[in-house]
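As given, the protein sequences belong to chains A and B, one line each in that order. With our numbering, the residue at position 106 of the first sequence is 106, and numbering never jumps. To convert, count from 1 in the second sequence and add 169; that's our numbering.
Keep in mind that the hints are not guaranteed to be accurate.
Here are a few chain B residues that sit away from chain A, every Cβ distance over 12 Å (derived from the structure) [unchecked claim]:
{"#": "1", "residue": "L282"}
{"#": "2", "residue": "W404"}
{"#": "3", "residue": "L525"}
{"#": "4", "residue": "L532"}
{"#": "5", "residue": "G541"}
{"#": "6", "residue": "L547"}
{"#": "7", "residue": "L651"}
List time: in silico SDA-like cross-link candidates among lysine to any residue, alpha-carbon distance up to 25 Å [unchecked claim]:
{"#": "8", "chain 1": "B", "residue 1": "K441", "chain 2": "A", "residue 2": "H113"}
{"#": "9", "chain 1": "B", "residue 1": "K565", "chain 2": "A", "residue 2": "H113"}
{"#": "10", "chain 1": "A", "residue 1": "K34", "chain 2": "B", "residue 2": "E714"}
{"#": "11", "chain 1": "B", "residue 1": "K555", "chain 2": "A", "residue 2": "I138"}
{"#": "12", "chain 1": "A", "residue 1": "K34", "chain 2": "B", "residue 2": "Y639"}
{"#": "13", "chain 1": "B", "residue 1": "K199", "chain 2": "B", "residue 2": "K555"}
Simulated from the structure, these hints should not be mistaken for laboratory data. Quick reminder that beta carbons are idealized off the backbone N, C-alpha and C, glycines included.
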Amino acid sequence: MKRRVAEVFLLCCAVVLLMGADTKEARFQRLGGKIMCSCGCAEMLLQCNHVGCPNSDRMIRELHALTGTTGGVPGAGDSSKIASLKPIDDDEKVLQWFRETWGVSAVVEPATHGFELLAWIIPYAALAIGLLIVFGIILFWHLRRLPAPPPPDPHTASLRSRVRQETEL
Amino acid sequence: MAFLGSFCLLFALALAAFCLLAGIAAALSKNDQLRLAECARRAGIATFVAVSGAGFALMWAALSNDFSVAYILHHSNRELPTPYKLAALWSGQEGSLLFWSWLLSCYGFVLRLRHRVDRRLVANTSTILAAIQVFFLILVSFVANPFGIASPVPADGNGLNPLLQYPEMVIHPPMLYLGYVGFSVPFAFALAALMMRYPGEKWIHITRRWTMVTWLFLTCGITLGAHWAYAVLGWGGYWGWDPVENASFFPWLTGTAFLHSVMMQEKRGMMKMWNLWLIFITFMLCILGTMLTRAGLVSSVHAFAQSSIGPWFVTFLVIVFLVCLTAFAVVLVRNPDFLASENQLQSVVSRESSFLFNNLMLLALTVAIVCGTLWPLLSEAVVHYKVAFRVPYFNKVTIPTGLFLIFLTAVGPLLAWGSTSLASIKRNFVVPTALSGLVGGALLANSMRPWMGAAHVRSWFASLQLSQFYSWMALILSTLVLATVASEFLRGGRVLREKLNTNLVSAMYHLSRRNMRRYGGYIAHIGFAVVVIGLAGLPFNREQEQEMAMGETLKIGHYSLVSQGSTQDDLPNYRSQATMLDVYKDGSFLTRLNPAVFVYKASEQPDHKVAIHHGLLEDLYVIYAGGNPERPTIKAFVNPLVSFVWLGVFILVFGTSLALVPNAVKATVPTTAVTVAAGGERGSWQPAGVRK
């Protein structure tokens, strides 16, 4: 039985790990979902496809170049500059490149370093602290010894059972 | 009218200030100053009349096109339809603050009329409400006065923001404000009860209905806002984690936590400190929400006002926090038993612990959303540039916690107070767990194909994205919630069926009528599960954009949209341009949609009128995105399960409303038995004054 449980656990771990593996195209899509179009439309880069957008075509071509994928609107932006871009393996460096080129508000997720790292930490830290407090409270209540309750009065017990019966259902 | 309005506001301020001072004097007096307290109460009632006078003056100015009032000049025009002229009352900052003040005076009016429920407690509560009222009246009298005079007076006004010219916008802000302002009442009760060390849980019994009604208004307000965003803003979604949307969500989350945790205090005398702080925080979040909406501190598509009232709100928030903290500290030092828990947790697997975790999850969600929403302010203060986070961040920090919350919604109601035996867990959970497992398996077996398209799915795990995994989990957990609630109804119904000798449906009806609060709550849980099913459709949204001349076809999913040409119109308030699209589903004609763009003459601002074909399983959502009138750009979305969101909220509201209805059958206990609680009413097991 224990072996079976261990097998199931390992299978689950493998599935979760496989979920992280992605292709270049998947990486392009994933990073495109973390970058804002800088034209002011408040859309994420790959979702901003409105006609006449001055920035999204060029940004998409740059993202293609930086992730080593092909695609985008030919001729959008300065082709020689975009052609000179080398693929970058580190996602965070790609995002950093967009921050530096298009401004800090170009990225829709906090960075995983520096001050912005706090934005990732605070929600989970709050949850962890809350969990600790809840477990602390449970432990405190569990360990606290209250005086033993008086023996139940048969009359009160029968009344309580009647009240429960009549009020619960 | 401007003179009358300004006079009414100043008079109201004087009355509210008198109510506050007289209330404080009566409360501090060692002799029972009943006359002074009564004076304060009547001044509070008169405040309502005076603020109503100011509201009437502004409405009259709007209806009579009095553009000498600057506020009316900026938010209305002659051709504006009458309902939108009324909506102008809350469409700008000054008007909405007056509206806030008026709603507060309404709540205060009702409270002061119902003072017999407990004169002393209501008197102190009324004093605290008067303090809040004074703050808002100072704002509208001196900082954001809606009765400023325009000079010279133009012939016509600037008109209402086109985005606000939509029927739901007439009722969405009042609903939201009823929710925001309504939390002032339970807050005032809690603070008053703490300050006067009010014994027992009576303040919670009194405020239960106030809190539920307020929460209901806030729920309706948020939903109407989401529906407005869906039908008007034309981006294909209904929730974009926009700062103003988030602002309305903060107090909803903590208010939900409060509604659950007060049950611990009512039934077991536990979590007294927690409940106090929960309602304090909820009120402060309401003020924060109003500030974010009205002061324009963070940029948002919904923030229709920009101003410098932020420091006023920050000061008020700091004062509120300090007052709460001081009152709490004094009680904790002088009378620690007042806040001590009367019972202890007997088991981790119990209803109590499920409430604890439920509260924790709701609070964690609040912290995450507050953090993300206020980050631009924080980053500007610390690193001197603004960074605003968007949808992916909020999804990442909220969805896992949200999923655990759905799990607790499923599990909590089946756990017993005190402790739950293993046998009971097995008995109650086997069928619901098997059902939800079955649904999960069926979705896997079908690769969730109905919305992904077979071409994209070779094997489910290979194409698995985290958002789709979350969606799958959400569907399983929603099934678990529905199954556990159904099992509760069935279990109780079966018992009552034998007792009343009736059929199962009738038995379940009688069951609900005997304990409306409990079974209304279960129905609200069903509504929540249905909303989650609707949200689970989000990762499967699809969109397509195309320039379409007459006769051209746009294909998306099962749908083909064929252009039948464009049309133009010119009305007094706006010019419009629309395209006619015949919609075919799998080759059969379904309907005709007419997406349009309106240009409002007063402001020359364009506004897109979205065309939506609603279906239970999916919506077809079409926008006229602009371009050449002969060959306009059409953007189409297929949004699965959106209808479940609206349906779920309807069930949620229905369930909560049922929980407000008194029980049909009362416990029949001999009066001789009612000696268990000191101060208990004759014929009742509840403490004195508590309404069943």
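How the hints compare with the structure:
no.: 1; hint: L282; in the structure: 31 Å, holds
no.: 2; hint: W404; in the structure: 8 Å, violated
no.: 3; hint: L525; in the structure: 5 Å, violated
no.: 4; hint: L532; in the structure: 6 Å, violated
no.: 5; hint: G541; in the structure: 7 Å, violated
no.: 6; hint: L547; in the structure: 8 Å, violated
no.: 7; hint: L651; in the structure: 21 Å, holds
no.: 8; hint: K441(B) x H113(A); in the structure: 40 Å, violated
no.: 9; hint: K565(B) x H113(A); in the structure: 17 Å, holds
no.: 10; hint: K34(A) x E714(B); in the structure: 22 Å, holds
no.: 11; hint: K555(B) x I138(A); in the structure: 41 Å, violated
no.: 12; hint: K34(A) x Y639(B); in the structure: 18 Å, holds
no.: 13; hint: K199(B) x K555(B); in the structure: 54 Å, violated
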